[in-house]
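Undergrad: Here the protein sequences come in this chain order: R and G. If you count by numbering that gives the first Met the number 0, then the first sequence holds residues 0 to 454, one letter each, in order. If you count by numbering that gives the first Met the number 0, then the second sequence holds residues 0 to 454, one letter each, in order.
Honestly, the hints are just simulated from the structure, not real lab data. One or more hints might be untrue.
Given that identical chains are not distinguished, each listed pair holds provided it fits within a single copy or across any two copies.
[As the list claims (entries may be wrong)] Calculated pairs, DMTMM-like style, for lysine to aspartate or glutamate (alpha carbon to alpha carbon, straight line, at most 25 Å):
no. : residue 1 : residue 2
1   : Lys309    : Glu342
2   : Lys355    : Glu300
3   : Lys382    : Asp45
4   : Lys104    : Glu283
5   : Lys309    : Asp329
6   : Lys36     : Glu24
7   : Lys72     : Asp258
8   : Lys236    : Glu201
9   : Lys36     : Asp206
10  : Lys204    : Asp279
11  : Lys382    : Asp332
12  : Lys204    : Glu300
13  : Lys204    : Asp263
14  : Lys204    : Asp421
15  : Lys338    : Asp232
Note that this is a predicted model, so its numbers are computed, not measured.
Protein chains: 2
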Amino acid sequence: MNVRLKEWVAIKSDSGDHTKWGEVETMLNMAAERIKKMGGKVELADAGTHQLPSGETVLLPPVILAEFAKDPKKATLCIYGHVDVQPAKMEDGWATDPFNLTEIKGNLYGRGATDNKGPVLAWLHAVESYQATKKIPVNIKLIIEGLEEVGSYGLFKLIKKRRDSFFADVDFIVISDNVWATTTPALTYGTRGSSYFFVEIEGPKLDLHSGVYGGSIQEPMADLIALLGSLLDHTGKIQVVGVSDDVTPLTEDERKLYDNISFDLEEMKNVVGVKHFLQDTKEEVLMARWRYPSLSIHGVEGAFSDPGSKTIIPRKVTGKFSIRQVPNMDPPDVERKVKEHLEQVFSTLNSPNRLKVTATVGAKPWVANLQDSQYVAGQKAVKDVFGVEPEFIREGSTIPIAQTFQEETGKSVMMLPISGHDDGEHSQNEKISRYNYIEGTKLFAAYFYELSLLH
Amino acid sequence: MNVRLKEWVAIKSDSGDHTKWGEVETMLNMAAERIKKMGGKVELADAGTHQLPSGETVLLPPVILAEFAKDPKKATLCIYGHVDVQPAKMEDGWATDPFNLTEIKGNLYGRGATDNKGPVLAWLHAVESYQATKKIPVNIKLIIEGLEEVGSYGLFKLIKKRRDSFFADVDFIVISDNVWATTTPALTYGTRGSSYFFVEIEGPKLDLHSGVYGGSIQEPMADLIALLGSLLDHTGKIQVVGVSDDVTPLTEDERKLYDNISFDLEEMKNVVGVKHFLQDTKEEVLMARWRYPSLSIHGVEGAFSDPGSKTIIPRKVTGKFSIRQVPNMDPPDVERKVKEHLEQVFSTLNSPNRLKVTATVGAKPWVANLQDSQYVAGQKAVKDVFGVEPEFIREGSTIPIAQTFQEETGKSVMMLPISGHDDGEHSQNEKISRYNYIEGTKLFAAYFYELSLLH
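Kindly produce the complete structure, drawing on both the sequences and the hints.
TA: Written out as structure tokens, the structure is:
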């Protein structure tokens, strides 16, 4: 079955450069052909247009909407996946050609092997395995896009547009586009949201020589440092008043989920290269990453950032930070509180400079209900195939797709990863292990079966 | 006389690129020939070698050491100047060819017109004007270099080496390589020194995704912001304990010097584009720029600094700031106090990260004694030529040459600018006005005369 994965990985469907979206379309067509050969009905749905930062408007590659013959007595499962990839070049430090799937010691190396071509093929293989033997126990729909790595342009509008048609009879939506937290299979039931902030301080008309003017100017950089310094204390606690008020309280049931996770704190310290985390126990560290908000200061634009020394007073500087958000925080509410906080601190500086705070439209956090039959079925399927209880995990990073599906369609959404925690998605030497690829395919098949029993 | 300046400006003696130092040598040879034609004795003194950042060792262009026939009864004045220039290209926004001296409405535009080819020629013209009529009233020596704009490589060693030979019989050293503070002629009696600091915080092994790790990591950027934020309060006061202890107290005589300076605070607000300075009065603003220390935060290396957004936790960040120093601050002492301060603040952060503070070798501040006969002579010469009292000014920026001459030779040093405050040295459309060039030449001639009377 890795012959197909080799064919798919060979297509350089990097979506990062819009002038190369032809390769993305080639990849989408190849996936569409495969589904048709399996008897699926495929629509290459128009995803509309997108305006580039340059102002140019470009036509988006289509989105695959596919379905197999329907039995009205069975539950309908919609599977999401994507067939575009991150950029990859040998020069980046790959040990093998990233577009030539190469097996070394049980691992299949190649760009897209785990993110997300491997899992998409695993879903198709699971469907095929039923087709070869008996009737598939659930109705299958597929939504496959080619722009996930750049932000799924056009997809969310399409989902909204097809809510009452393609999605009307869908009972469950499943996504396999993330990784296990450890070596134990997992079900993912939450992702954090995020808002990104730009704090601009504009002062003098022009950059000034610090020798000539230093001491007489209230420097924009000093104002900015004071503002950024007011956001966090050294324990990582966000100092913006009220910003963490809406965090869902931890229940005893939820706390217990963390006990079962085979996360090794000492190993993680070595992997990351830190002497200690901000928290002392495994559970606290995972909760800090998954179920509590965080604030990271990413950098400063407009100040001197090259190696060496330069004695400039920059006239305009923009600090950048983001806040990862968790249920039930509301990004617009967080943005309002952050702006109020920064304006309040700025007012104490008696500065002649101008403050402007902007935020990108925040992505909402997502959390699922573990009582949904999907999660029960997923848990049973993991036990069937791997003989262990799955870990119930969250993602600290933003994966807007789950939240969007849940919000736009009102359906139950689950993330069912089959990728290993060390697969290196987005990195050099991305891989999926032969074990995860094959057992993952079995997991998907078992999941169809368990889901049908519960429906 | 601007024919000669036109010839000199035409030589592209930009010292910034060592592969083009041939042009610098051409310029030095042209200056040497001119001095020889005037009857001067010229040595092209070997300045030694210099190691480039690449590790390559290069031979330095020579330094002109020249002298005219000596009368042991007269005082000996050594004039410093440089004939190299900053880079200049039409594309940078010049209105005229920077290497073709062009007169527009009484201004002579060209690279080096004011910094420093014009003033060097003005000195030679002042000598020539005496030669044409009567004996020059002081003995003249010249030291002219070609690497000022890159840091006078080799010069300071040469000065030390020639202390007991070339400089042995020198009574006064005069430098005309800066600008007036206003439209009134000035004598410059001080420059600030400077130390440049690098505050490196190193944390995780690799840059981390703020979604995945945010909340669990004590981020190097947060540590750095806390450290940088501890350096200054919002009034510009340096918060490092003891760092300002050695600042020479302001005397009433010194305070009075500021009353006479025709600096227009409102105009300066417009030029710089600020609503207010950190100080309220002209005198306070000038003192803040000239006679008190200042601290400027220049930027951060290693954090995200491009436009747009990126959600990285940078693994290693280096904050950069400098402290402008004034008499009697001592750069090594300041550096020690800054390091202690940063280490103390860092210890309160309970951080798993590593702090490393380094400083470049600091340039010392310089201040002259206004009772020196040079300053008395300079003051009289300004009155002779311009009919006004000079402004006694300082430079907030570092001009190491004055301090070096004073320290290495033990001689009296004065800075006697003839360049206008709006000449745009180092900038596009650098110029010297015909007025400043001609009256400046007269000022130099009058200065020779007044100095001879006082000796």
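Undergrad: Against the structure shown, which of the earlier numbered hints fail to hold, in ascending order?
TA: Hints 3, 4, 7, 9 and 11 not satisfied by this model.
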